[in-house]
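Let chain S serve as the given structure and place chain B on it in line with the hints.
Heads up: the protein sequence lines correspond to chains S and B, in order.
For the first sequence, my numbering begins at 1 and goes up steadily by one.
For the second sequence, my numbering begins at 188 and goes up steadily by one.
Simulated from the structure, these hints should not be mistaken for lab results.
Note that beta-carbon positions come from the ideal geometry of N, C-alpha and C, so glycine has one too.
Hints are not guaranteed to be accurate.
[To be verified] Here's a subset of chain S near chain B, in silico, CB distances under 8 angstroms, partners left out:
| no. | residue |
| --- | --- |
| 1 | Ala-44 |
| 2 | Val-46 |
| 3 | Ile-60 |
| 4 | Met-128 |
| 5 | Gly-131 |
| 6 | Gly-133 |
| 7 | Leu-174 |
| 8 | Pro-182 |
| 9 | Val-185 |
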Amino acid sequence: MNLLNDPWPWYVAGPIIGLFVPALLIVGNRLFGVSSSLRHVCAATVPRGVEFFRYEWRRIGAWNITFLVGIFIGGWVAAQAFPGAGQVVVSDAARATFAGYGVTEVTGLIPAQLLSWETLATWRGALMLIGGGFLVGFGASWAGGCTSGHAIAGLADRQLPSLIATLGFFAGGLVSAWIVLPWLVGV
Amino acid sequence: MNEPKRFTLSFRAALVVYLAIGVLFGIALTMSEALSWYRIQEMFRFQSMHMYGIIGSAVATAALGLAVLKRAGLRSLEGSEISVPPKVLGRGTRYWAGGILFGLGWGLVGACPGPLAALVGFGHTIILVPFVAALSGTWLYGRLRSSLPH
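Okay, chain S solo, but in the shape it has when bound (with noise of 0.2 angstroms):
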């Protein structure tokens, strides 16, 4: 296995993801979380009087925005440098659903044929894209973390407010794929 031209195992991902928790912690005492950061650039952008976006996001939530810039950057160069990155090889259960979705070309990392500047203009994939999207700030904000803050760093700190919000992340997610995306592809 060559970590630049596979893609990494779970039993290789994992571990190195979870260290992330313990790393940002020694650095400055940071709780590992992303959705934090949206509510930084929205106090850095346009807080607007609301009180939720009226704190000092400077010291509190730069190192999150900065982050963020990170992981942006991060994909940047895994699609410059890794010639293994973004070709996901599902299991073939997965690819006949996606098949009964329409999605007869399961390359790179998302499916082209659902989410693309071309379905935007659908309502299907406005649904998908913005629908989505919308739901995943929202629901994050609400919760008070996202899969980072709650489903990693939460349980391994094992917060009972954590193992709620991941098992709400769970059940939204099962009423998704096997309910809501199902109809949306018109199955």
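Relative to chain S, chain B alone:
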């Protein structure tokens, strides 16, 4: 008591470190394929253990790291004491209600906030749309916050 002068990272220097850690995390999200819509669907349809393996081993590793850090009682490089504050449960409404809404979105667009950023960086410009939508969702939550149960 003569304490040795300890090294502390300045605010700006720390930001450079956070940027670098973010880059590594973006690479990890890409190479693990955790940012892929295909992998997220496969997880929710129980068609592969890939994502379960990633999340499970990430939680185990993070828990081990936390246990070591709590015992060590260290200060962070920025100078603050390392401590993880417990989250406030309250009535718990925000966790399940917000969690379910988040999950509904996650299952549709196939990416959570970190992966959205990494996907845009990877070159999928269309993901700017859900990214901006996530920002709008965050903003609207902030606007409605006082009238939502928590």
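Okay, the hints, checked on the actual structure:
{"no.": "1", "hint": "Ala-44", "in the structure": "violated (11 angstroms)"}
{"no.": "2", "hint": "Val-46", "in the structure": "holds (7 angstroms)"}
{"no.": "3", "hint": "Ile-60", "in the structure": "violated (12 angstroms)"}
{"no.": "4", "hint": "Met-128", "in the structure": "holds (5 angstroms)"}
{"no.": "5", "hint": "Gly-131", "in the structure": "holds (6 angstroms)"}
{"no.": "6", "hint": "Gly-133", "in the structure": "holds (3 angstroms)"}
{"no.": "7", "hint": "Leu-174", "in the structure": "holds (6 angstroms)"}
{"no.": "8", "hint": "Pro-182", "in the structure": "violated (10 angstroms)"}
{"no.": "9", "hint": "Val-185", "in the structure": "violated (11 angstroms)"}
The structure shown violates the earlier hints numbered 1, 3, 8, 9.
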